[in-house]
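Once you've looked at the hints, dock chain B with the ligands against the given chain A.
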Amino acid sequence: MPEPVIELTGICRDFPADPPVRALDNVTLRVDPGDYMAIIGPSGSGKSTLLNVLGLLDRPSSGSFRLDGIETTTLRDGARTRLRGARIGFVFQSFHLLPHRTVTENVMLAEVYGRHPRRGRLARAKQALEQVGMGHRTGFQPGRLSGGERQRVAIARALMARPSLLLCDEPTGNLDSRNTEAVLDLFDGLRSQGLTILVITHEDEVSARAKRRVRIGDGVLTEQE
Amino acid sequence: MDIRDLWAESMAGMLARPIRSALTTLGTVLGITTLVVTMGIAATAGNQIVGRFDELLATSITVEVPQSSRQALVSWEAVAELRRLRGVLSATALAQSDKSSNLVVTANNLLDPTQVAGQTLAVVAATPNLQATTHGRLLAGRFYDAGHIIRRDRVVVLGEQAAAMLGITRLDHAPAVFINDRAYTVIGIIGGLQREQILAGAVLVPPTIGPDFGLKNVTRVLVGTQLGAAELIARQAALALSPNHAGELQVIAPPGPKRARDGAQDDVNGLFLILGLVSLIVGAVGIANVTLVTIMERVAEIGLRRALGATRRNIAAQFLLESSLIGLTGGVIGASLGTVAVVTVAAVRHWTPVLDIRLALAAPAAGALVGLLAGLYPALRAARMEPVDALR
Ligand SMILES: Nc1ncnc2c1ncn2[C@@H]1O[C@H](COP(=O)(O)OP(=O)(O)OP(=O)(O)O)[C@@H](O)[C@H]1O
Ligand SMILES: [Mg+2]
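Residue numbers (full-length UniProt numbering), protein chains in the order written: chain A, 1 to 225; chain B, 1 to 392.
This is chain B alone, in the form it adopts within the complex:
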């Protein structure tokens, strides 16, 4: 028997009852779609740094500077060195100590002189570009600049919560705060911090004012990098900040973006993969069932083909090919639906869809395999029929 004839006979057999064949593919369509969507979405999502929080996390490096030795491991000026590295967007040096974290701060509130109760707040010395590193925004006034630092101006910037606690909302009368009985002019209020949110409750002072509160040396450096540069910068940061004592600095790098996404999704993926496989099995049972019914309906046809010289193998091959074609059709439809679904989800989330070409090709093949396995028993039944019985 010519292979083209086998193909033609199987196609004709499948297309003789198009609606039934279409319905028979449903289980396979469902299974293959689920599998393609699950794997496609996993691959697509895995290629993204999901959401804003993750992006910030993936670009944030913190360097802790130990304070045990007498000399300063990192100078205030060293932060400028760090900014010269490719991939560093901003870097801020901070100084804070246990003592400076619990200072009584009072506001002289001109509008309400009765409210003079002190608040216990943290005082933190910081280089001026804190706003960029923490992605914060100035709610009022301005941040101190290089001029303030050089002139040793006694100015402070209040964190949003600290300002609220002190009752300072407006700066047009140049309010002052008192710490250790000395007055400092409030020139700005910063809020909306996305990183180091604890600073919202702090009083920020220029590095040159820090010594007033015992804050001489840098205790921590915050670094913001470009997306994808964090790993490299983390390796270079310590050396750039402190060429002689690089080993003593503790660099806290973000977890690699790969690990960031996997954890939560693995369970969900496993569940959907099982769901897809179950659908495939249901689809296979469906194909087996319908093929068996079809064969019982086509007993006379089988008898005729045997009378015309078809061998048992010819009969088995035809029905196997028919069920495989049904499975293949289900696989092709499933792969197409799955691909469309993945692309749609990616478009809605503004992701780049990632589709493994091997997956797109394997899906129809898997469908055909399901059909082939499902057709084994019915095809065997058809081949076993005796021509006399089939023609009776």
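For reference, chain A alone in the conformation it holds in the complex:
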């Protein structure tokens, strides 16, 4: 049995407020390499909180989180950052492309931090862009791209550093149905290449394409068959 990519055991995340908010309540989850999983749930149920914990952007209040077998909850900030840069690719609902940089520069940003050789970086960026079907827009600035094109550039950036896990928070939230279809096709292709994908969504169309579905409600996670 291969080592799971994600192994959550009894994860809680409390926010200090009045009264305190328990955004994640004793979450236990296992994600194996090559899994394609959708996380669904109503607004305010804790989806983004879960994704932030999984992406090492936030620390859980209690519980254990092993990423590729590495216990992350005890890591210091620098080590968590390096692990995040090396293993995890992010796709955000609002794309987060730098407006004054070209498409290629935005993609190459994924290799600026951490230990990546500078040699061949441009070629790798071009290849990642080809992979998402954006090879013809390399010199453009993000402001001149359509929403679907921007998200595909963002996905190319996430793929650039060859992560073992792709985390997507409402990746199609700002896209129409045609662009949504294109992005989902892309995810299917990536999954078949062995990438592990986690997608937060409230759209049935998106969750239907995933192999696994987990529902979250008031911080409690339940897997659906």
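No lab work stands behind these hints, which were simulated from the structure alone. Since this is a predicted model, take the numbers as computed values, not measurements. The C-beta atom is built at its ideal place from N, Cα and C for all residues, glycine as well. One or more hints might be untrue.
Now the stretches of chain B that chain A is said to cover, found in silico as 3 or more residues with beta-carbon under 8 Å [said to hold, decoys possible]:
#1 131-138
#2 306-312
#3 381-391
What follows is chain B with the ligands alone, placed relative to chain A:
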């Protein structure tokens, strides 16, 4: 993170908003320009002997000959010895006493015989090259020469004011003046004296006529030197004039050219240096302010970079480098403007511009330092942000 990537990201960050970055440099530009101009002008001016007055002052030596002893300490001929020294342009021996300074002089004015009132004037015996030593010019006639001296001709040259007081303006009728009831022919009028201006009101007589008025011995020697030679000549003059009694002569040398310039300029320089430093502080506050605003605008970008694996140190380094680059740009522009200003001022005044290469290099470095210090707090704020908060 590769240092070249850090550089590229910082450059891109600075150039993303070029107009804002340019405006942000203004305070630093102003400060560095002021400092470079102040120091550059001080160095340039300090290298010059400023103005004509100073040049004359810096080349004038006066040797006072005490009259206490019975024998003459300096002979009339000794002045020729002095002229042989390298760097001496002219030397003139004078004789004057208290008694000779108040003599009644009358002119026989042929044009207006009624005007015969006497004037009290000083009579001074002088060697003939007085004109060169005092930078004067003959307004009429000529100066007496060696021939007059040897023949003991009773001739005089009037100072410009003395001539005016006696009513003598033209020499074509060979006017005469009467001193102690003896007549002396006026052969010249000298004016425009730049040194020993008091001689403009005197009656100048050849050394061989001096004894008529009790003027036997040299009382003073005026020396004009080449620029820069005064100090050396001042040390040699006494010995050349009077080998046996050199110690008794009193040599008055000009103040060194260094001291001549410093006094007045120091206050002004201090003021401008303070002004430049204040501008630099204002510039630093400006950079800090704008960098802080920029960081608040770029919160999402910081979050993204953290998500892509940027450590807190990477984030801090990028913003520090950005603010330092803005400071450096201000420093380079300021140093260039300052240098141009110094060269322009020097050209207008016909000075040689003096620019310390260390100053030209230190100025941009100072600008970068200002930017670095100004960026410390904003960079810290950026590094402290939690990635979750930055991405929200
Ligand atoms: N920093 C915080 N401080 C206090 N409460 C928080 C904080 N972040 C999130 N919460 C609370 O935690 C709960 C879960 O929030 P989360 O953002 O994970 O919801 P979500 O499922 O992503 O919702 P949506 O679909 O609207 O994005 C919410 O009730 C929210 O108010
Ligand atoms: Mg959310």
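Going through the hints against the structure:
no.	hint	verdict
1	131-138	violated (count 0)
2	306-312	holds (count 7)
3	381-391	holds (count 4)
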